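Produce the entire structure from the sequences given, and follow the hints as far as they go.
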Amino acid sequence: MEDNNLVEIKNLKKYYEISRGLFKSKLIVKAVDDISFSIRTGETFALVGESGCGKSTTGKTLLRLTDATAGEVKYKGENILSLPYDKVRSLRSELQMVFQDPYASLNPKMTIKQILMEPLRVHNKFTPEERMQKIVDILEIVGLSKAHLNRYPSEFSGGQRQRIGIARAVILNPDFIVADEPVSALDVSVQSQVINLLLRLQKEFGLTYLFISHDLSVVEHMTDRVAVMYLGKIVETAATEELFADPKHPYTQALISAVPVSHPSEERERIVLTGDVPNPANPPSGCSFHTRCPFAMDICKTIEPKLKQVGNDHIASCHLYTEHKEEKEDAIIHS
Amino acid sequence: MTDVLLEIKNLGIEFKTGEGTVQPIRGVDFFLKKGETLGVVGESGSGKSVTSLTVLGLLPEKTSKIVSGSIHFEDEEITHYSDRQYRKLRGNDISMIFQEPMTSLNPVFTIGEQLSEPLKRHKKMSKKQREKAIVDVLKQVGIPRAEQIIDEYPHQLSGGMRQRVMISLALLCEPKLLICDEPTTALDVTIQAQILKLMKQVKQDKDMSMLFITHDLGVVAEMCDRVVVMYAGEIVEVAEINELFDNPLHPYTKGLLASLPTNNDRKSKLYSIKGQVPRPNEIGEGCAFANRCPFAFDKCYAKTPPAFSEGDHLSKCWLQQPEGR
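Sequence lines, in order, name chains A and B.
Positions 7 to 341 (our numbering) are the ones given, in order, by the first sequence.
Positions -10 to 314 (our numbering) are the ones given, in order, by the second sequence.
In short, the hints are calculated from the structure, not lab data.
Bear in mind the structure is a predicted one, so any value in this text is a computation, not a measurement.
Any given hint could turn out to be false.
Unchecked claim - Estimated spans, in silico, between C-beta atoms of each pair:
#1 B:Asn236 <-> A:Glu310: 36 to 42 Å
#2 A:Leu28 <-> B:Thr10: 36 to 42 Å
#3 A:Asp221 <-> B:Lys113: 43 to 49 Å
#4 A:Thr47 <-> B:Arg134: 29 to 35 Å
#5 B:Gly24 <-> A:Phe211: 53 to 59 Å
#6 A:Tyr158 <-> B:Lys116: 40 to 46 Å
#7 B:Gly273 <-> A:Asp221: 30 to 36 Å
#8 B:Gly273 <-> A:Val142: 26 to 32 Å
#9 A:Phe211 <-> B:Arg134: 51 to 57 Å
#10 B:Met114 <-> A:Thr280: 48 to 54 Å
#11 B:Gly24 <-> A:Glu100: 55 to 61 Å
#12 B:Gln74 <-> A:Tyr109: 35 to 41 Å
Don't be surprised by glycine CBs; every beta carbon is placed ideally from N, CA and C.
Below is the structure:
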């Protein structure tokens, strides 16, 4: 199973420092705080969570679009984070990203031809004639045509732009794509087209996806495994079907129950969380979820739970599943 | 017809653009009964927000014009109200909650100052009474430390809290009609669940009517009694909520429901409506949905279908023509 991992993330940390003036100590925001997971070849791995939980930062750190504070990201056994920059640059032909906002991620002053030519030129692939052919091919694969080549992004709708964004990521034949909320800015009827495109490309090119999303119905539909993040930490990881059928962590349970029903006659028992996500610059002590957790115990306020195996290939960090009584007693003594 | 609060008849709106005029709203017809929550569903550009702005007289005067139809509120025609007349209505009888809680509060005034504005305008109250009314309504929407919050600025609050402030702002004068334009779209799911629960409860307590505009069919399923489906500036279907989900008649509504990931097998290809929403200047003769419709035939391209009704269920599609099936 170990050999099957395409990407392995170990103890990844990304801290941002906020200056509060000359004489005050700097405030440290732990955007990503010590997370580990691995993505297997050919699968779609989802990162879900609410805004500000660090899922996008994780995606960017993986591709070294922003530098990590600590930890390692192993891609095919090689640690990306310690490679010299020019090596990373050439490696990017295998690692690509699709961004959330199709309106902001395409240069408005470049034609579609220029946008798609750029990656081929940077990585110096193919002869000029082959490049042109490649661009036309990829446009057809994503459902656009030759006629669009000399147009500017402003002439396209949101869904078409996202197709161009996807074409730009796929044109180099990468192995791994980080898709950061690729469909959340799109209308419902266009969203399903783009999801279908992503699924088809995965089959055709044998892609591995890291799918970052807050839309649980999309995640349930198209991913294989899911990691749930809360305030910079992973609180639960499991196979998608298992996670939706039997969520263990109270946060995951609340998150799944909060998804709107799909039919008006459907009755759902809903766990409505009280309060807001705490400020990441000043996270609660102990388990970071205890301020909103309906099952919070005394131990949760003082001791941070560790990730525990709670099922086959299913881990969660919650004191409800801590077997060791000593740890609980220890907490009572401390508090 | 006394139980009808708001009635819109054959509304048409024209916008002036650099290249001429476009009609973002063409012949919109619907009514809202007292105590009802009516959902308006559609994709971006379908004209749902423009419709709601028209009800409040908030369209820019210079570039837009109502070319046909009428709007009645409580049996009074408000279509050609003057600005002064509208000012009496807005925030008093009709209030609106906007989509972006981040941008719809003024950043340079405290919450208390902003909340006292509708009261100053519409109610004769002393300063003390106003403050009490504001604190009361803030507590109703579940804002902790309401007494301190009134002296704070919008940036000190989170998105969910700001949306609560917006809701309390809309509730202050106990309006008869509350228009909600995508009130939870910018919020996270757990916060969305909180706000929807709150709005249901508030509606029940105050016996208001709600016009609920959204693109999220799940939210509609949860909140609404009846639904209006809009596409490219027209109403394509009106139905009671269970009827719409169980027996959609218009191909567009069918497509929308079928393309929801929850209605498809996991990992399978999602049903999808081909093509995209036409821009207002691309709409010509015939049914606006014809070029994306899997069932389109000659007549669809030639002539715009009228509304065919089956009881309370209304749809604009030639397939529903009684003898022409």
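Okay, the hints, checked on the actual structure:
Distance hint check: the CB atoms of Asn236 (chain B) and Glu310 (chain A) are about 52 Å apart, inconsistent with the given range 36 to 42 Å. About 58 Å separates the C-beta atoms of Leu28 (chain A) and Thr10 (chain B), a value inconsistent with the hinted range of 36 to 42 Å. Look at Asp221 (chain A) against Lys113 (chain B): about 48 Å separates their beta carbons, and that is inside 43 to 49 Å. At about 52 Å, the beta-carbon gap between Thr47 (chain A) and Arg134 (chain B) misses the expected band of 29 to 35 Å.
The given range of 53 to 59 Å is respected by Gly24 (chain B) and Phe211 (chain A), whose C-beta atoms sit roughly 55 Å from each other. Under the hint 40 to 46 Å, the C-beta atoms of Tyr158 (chain A) and Lys116 (chain B), about 56 Å apart, miss the expected range. For Gly273 (chain B) and Asp221 (chain A), the Cβ-Cβ distance of about 35 Å falls inside the hinted range of 30 to 36 Å, so the restraint holds. Checked against the given bound of 26 to 32 Å, the beta carbons of Gly273 (chain B) and Val142 (chain A), roughly 31 Å apart, stay inside it.
The hinted range of 51 to 57 Å is satisfied by Phe211 (chain A) and Arg134 (chain B), whose Cβ atoms lie roughly 54 Å apart. Between Met114 (chain B) and Thr280 (chain A) the C-beta distance comes to about 32 Å, which lies outside the given range of 48 to 54 Å. About 60 Å separates the C-beta atoms of Gly24 (chain B) and Glu100 (chain A), a value consistent with the hinted range of 55 to 61 Å. Our hint of 35 to 41 Å for Gln74 (chain B) and Tyr109 (chain A) holds, since their Cβ atoms are close to 39 Å apart.
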